[in-house]
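K.L.:
Based on the provided sequences and hints, a complete structural model is requested.
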Amino acid sequence: MVQSRIGVNQLDMGGWVRVYLGQGEPSGEIAPFLSHALNGWFRERPHLRLRFVLPVTRNGNTVELHGWYEQILFSDQSPLAKSVPRTPGQPVS
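The working numbering puts the first residue of the sequence shown at 1094, with every later residue one more than the last.
Keep in mind that the hints were calculated from the coordinates and are not lab data.
Do not rely on the hints blindly, as some may be mistaken.
[Said to hold, decoys possible] What follows is a set of in silico ranges between Cβ atoms, one per label pair, in the way DEER data are often shown: (1) R1142 <-> Q1170: 14 to 22 Å; (2) S1120 <-> P1172: 52 to 60 Å; (3) V1149 <-> Q1170: 29 to 37 Å; (4) S1168 <-> E1118: 38 to 46 Å; (5) Q1170 <-> S1128: 30 to 38 Å; (6) S1171 <-> R1151: 44 to 52 Å.
Virtual Cβ for every residue (Gly too), placed ideally from N, Cα, C.
P.N.:
Below, the structure is given as structure tokens:
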């Protein structure tokens, strides 16, 4: 059995995120992999809420996902705000 790796890139465009294949042309259906990557991107950013997703297709195959989002939590930027240590992947609070 031959296994190949699929490189999926995620690019934050400020208000929307682009999820696409890293290099080469897609061979077969990659939509589930793109969807999984988009889901993981939002899981790492709980302060964002997905509004809608647009699939980009080429020759009948989904090759990109564009997801628009809004920010639902905002950090306290006042000088009196407590400094809380954060762990990697956690939004600044």
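K.L.:
Hint by hint, where does the structure go against what was stated? Just the numbers, ascending.
P.N.:
Hint check: nothing fails, all pass.
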